[in-house]
Amino acid sequence: MRHLMSPLDLSVEELDRILDLANDIEADPGKYAHACEGKKLATLFYEPSTRTRLSFEAAMLNLGGSVLGFSSADSSSAAKGESVADTIRVISCYADIAAMRHPKEGAPLVAALHSRIPVINAGDGGHQHPTQTLTDLLTIRSLKGRLGNITIGLCGDLKFGRTVHSLINALVRYEGVRFILISPEELRIPDYVREDVLRRSGHEFKEVIRLEEALPELDILYMTRVQKERFFNEEDYVRMKDFYILDKAKMKLAGPDMMVLHPLPRVNEISVEVDADPRAAYFRQAQYGVYVRMALILTLLEVKVC
Amino acid sequence: MLSVGQLNEGVVLDHISAGKAMDLYRYLKLGDLDCCVAIIKNARSNKLGRKDIIKVECPIEELDLDVLGYIDHTITVNIIKDGEIVEKKVLSLPKKLVNIIRCKNPRCITSIEQELEQVFYLADEENEVYRCRYCEEKYRHKAKHSLY
Numbered sequence: 001m002r003h004l005m006s007p008l009d010l011s012v013e014e015l016d017r018i019l020d021l022a023n024d025i026e027a028d029p030g031k032y033a034h035a036c037e038g039k040k041l042a043t044l045f046y047e048p049s050t051r052t053r054l055s056f057e058a059a060m061l062n063l064g065g066s067v068l069g070f071s072s073a074d075s076s077s078a079a080k081g082e083s084v085a086d087t088i089r090v091i092s093c094y095a096d097i098a099a100m101r102h103p104k105e106g107a108p109l110v111a112a113l114h115s116r117i118p119v120i121n122a123g124d125g126g127h128q129h130p131t132q133t134l135t136d137l138l139t140i141r142s143l144k145g146r147l148g149n150i151t152i153g154l155c156g157d158l159k160f161g162r163t164v165h166s167l168i169n170a171l172v173r174y175e176g177v178r179f180i181l182i183s184p185e186e187l188r189i190p191d192y193v194r195e196d197v198l199r200r201s202g203h204e205f206k207e208v209i210r211l212e213e214a215l216p217e218l219d220i221l222y223m224t225r226v227q228k229e230r231f232f233n234e235e236d237y238v239r240m241k242d243f244y245i246l247d248k249a250k251m252k253l254a255g256p257d258m259m260v261l262h263p264l265p266r267v268n269e270i271s272v273e274v275d276a277d278p279r280a281a282y283f284r285q286a287q288y289g290v291y292v293r294m295a296l297i298l299t300l301l302e303v304k305v306c
Numbered sequence: 001m002l003s004v005g006q007l008n009e010g011v012v013l014d015h016i017s018a019g020k021a022m023d024l025y026r027y028l029k030l031g032d033l034d035c036c037v038a039i040i041k042n043a044r045s046n047k048l049g050r051k052d053i054i055k056v057e058c059p060i061e062e063l064d065l066d067v068l069g070y071i072d073h074t075i076t077v078n079i080i081k082d083g084e085i086v087e088k089k090v091l092s093l094p095k096k097l098v099n100i101i102r103c104k105n106p107r108c109i110t111s112i113e114q115e116l117e118q119v120f121y122l123a124d125e126e127n128e129v130y131r132c133r134y135c136e137e138k139y140r141h142k143a144k145h146s147l148y
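Top line first, the protein sequences correspond to chains P and H. Number 217 in my numbering belongs to position 217 of the first sequence; there are no gaps in the numbering. Number 142 in my numbering belongs to position 142 of the second sequence; there are no gaps in the numbering.
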């Protein structure tokens, strides 16, 4: 039995198989419509995350399975003081697979250590969010046809944005990836990502402040939201939140094949006028999120569809 | 020179940095042992100038060498039988630490579920870096903070 705690739990070959399966689901969803009939997914969400939870639920329903769970700690036994280990022992009796989001880092690992069913980390604090990374990789591979030999610009909150750290960790396993890190001085990538991941990998990267400077070089622009909850004072947040706004004028600086991704939700960083641009791929990215979660559920449940 | 009686059976921890013997006494929980323990502080040493020494009259199995390796893997561990040194144990940084250091990350699951074992693994031997098994928070060995 396998769990998924971090994107790096999967080898490049295993990851390729999951992405291939997701593309096959995209091509012929009907083939998979009954693949998980009789199986149940438990969504154990100790903090609200409508998007990720619904994406998991849609994935299981698309596979013909059913879902059960809770969407905040208040409506779970955690409010009564039950440990994560005890919760998963009980849930193992009710469901075939579980997706867990928890505000505390490492909680899904604790669940995996005590579980009789596969556990998927659906986000643990600022630590890992592997299915977002799988979504990003599937989107890039599907839209660009490859994961190597690309120039990707990561823009916005590179300091606290775990999706960015996770994506960098996953992409350095592919050859020829160039990184352009676009952020204000205060939200630069943490040292450990710059030194332990980027520099150690030998991949080319540079750090810039101006988005306009980077745009002409990019195959992918990965925008991120400046998260209010990461700031200790309102003043700093207000100063940073509108630092980058991608609009029509800036999109003119980009190549015709550049794709814009965003883990969503967006606030101000992408103007709604960009939505109509064919290079805006963030809503398609959300769709890929469902396909890749379907592929992951099938893989962890070891369900084969011929 | 101060003379401490010869050990017939037990363990001598030698070349402890001067002043650290009492720390080791606590971390190794020597106070819980029901045997003779001698602590020599500020002994003369060719190698260190001054050093501490601990003599414990108990089998080696009763000492947690992982704790010792984590605290200072340059300490010499001599095993004594019939008054003679029969073995010198070489210490190294343990690959895994269980309930030796505590994770200080307030976002770690161990901060709210305190019955969980505190597990750290050696992530970078060269730079002596440990990481929490759950949240991967980094701990530099040299900092030696948050010991129980």
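Hints may contain errors.
[Stated by the list, open to error] Each computed DSS-like pair below joins lysine-lysine, with the alpha-carbon atoms no more than 25 Å apart:
(1) H/Lys-138 / H/Lys-96
(2) P/Lys-159 / H/Lys-104
(3) H/Lys-81 / H/Lys-104
(4) P/Lys-144 / P/Lys-228
(5) P/Lys-250 / P/Lys-304
(6) P/Lys-31 / P/Lys-228
(7) H/Lys-41 / H/Lys-89
(8) P/Lys-228 / H/Lys-104
(9) H/Lys-138 / P/Lys-159
[Claimed, not checked] Computed footprint of chain P on chain H, listed as stretches where at least three residues anywhere in the stretch have a Cβ under 8 Å from a Cβ of chain P:
(10) 99 to 110
(11) 116 to 123
[Said to hold, decoys possible] Chain P residues, not near chain H, derived (Cβ > 12 Å throughout):
(12) Ser-6
(13) Val-12
(14) Glu-14
(15) His-34
(16) Leu-68
(17) Tyr-192
(18) Leu-264
(19) Val-305
These aren't lab readings, by the way, just hints derived from the structure by calculation. From a predicted model like this one, the values you see are computed outputs, not experimental measurements. The beta carbon of each residue, even a glycine, is placed where N, CA and C say it ideally should be.
Consistency of the hints with the structure:
For the hint pairing H/Lys-138 with H/Lys-96, the CA-to-CA distance comes to about 14 Å; that is within 25 Å, so the pair holds. Distance restraint check for P/Lys-159 and H/Lys-104: the Cα-Cα separation of roughly 20 Å lies within the 25 Å cut-off, and the hinted pair is therefore satisfied. For the given pair, H/Lys-81 sits about 42 Å from H/Lys-104 by alpha-carbon distance, which is inconsistent with the 25 Å threshold. For the given pair, P/Lys-144 sits about 32 Å from P/Lys-228 by alpha-carbon distance, which is inconsistent with the 25 Å threshold.
Note on P/Lys-250 and P/Lys-304: the hinted pairing is violated, with a Cα-Cα distance of about 46 Å set against a maximum of 25 Å. Distance hint between P/Lys-31 and P/Lys-228 is unfulfilled; the C-alpha atoms sit about 42 Å from each other, more than 25 Å. Note on H/Lys-41 and H/Lys-89: the hinted pairing holds, with a Cα-Cα distance of about 22 Å set against a maximum of 25 Å. At roughly 24 Å between alpha-carbon atoms, P/Lys-228 and H/Lys-104 fall within 25 Å of each other, so this suggested pair holds.
Proximity of H/Lys-138 to P/Lys-159 is assessed by CA-CA distance (about 17 Å); at most 25 Å being required, the pair is judged to hold. Coverage of the region 99 to 110 of chain H by chain P holds [criterion: at least 3 residues with CB-CB distance below 8 Å; count 5]. With a cut-off of 8 Å between beta carbons, the region 116 to 123 of chain H has 1 residues touching chain P; three or more are needed, and the interface restraint is violated. A beta-carbon of chain H comes within 12 Å of the beta-carbon of P/Ser-6; the shortest separation is about 9 Å.
Interface exclusion of P/Val-12 from chain H stands, the closest Cβ pair being 21 Å apart, more than 12 Å. The claim that P/Glu-14 lies off the interface holds: its Cβ sits roughly 21 Å from the closest Cβ of chain H, which is beyond the 12 Å cut-off. Separation of P/His-34 from chain H is adequate, the least Cβ-Cβ distance of about 37 Å exceeding the 12 Å criterion. Listed as outside the interface, P/Leu-68 is consistent with that label: its C-beta sits roughly 23 Å from the nearest C-beta of chain H, beyond the 12 Å cut-off.
Its closest Cβ contact with chain H, about 7 Å, brings P/Tyr-192 to no more than 12 Å, contrary to its assignment away from the interface. Remark: the non-interface label on P/Leu-264 is consistent with the geometry, its nearest Cβ contact in chain H lying 23 Å away (cut-off 12 Å). In this structure P/Val-305 is separated from chain H by more than 12 Å, as the shortest Cβ-Cβ distance comes to about 35 Å.
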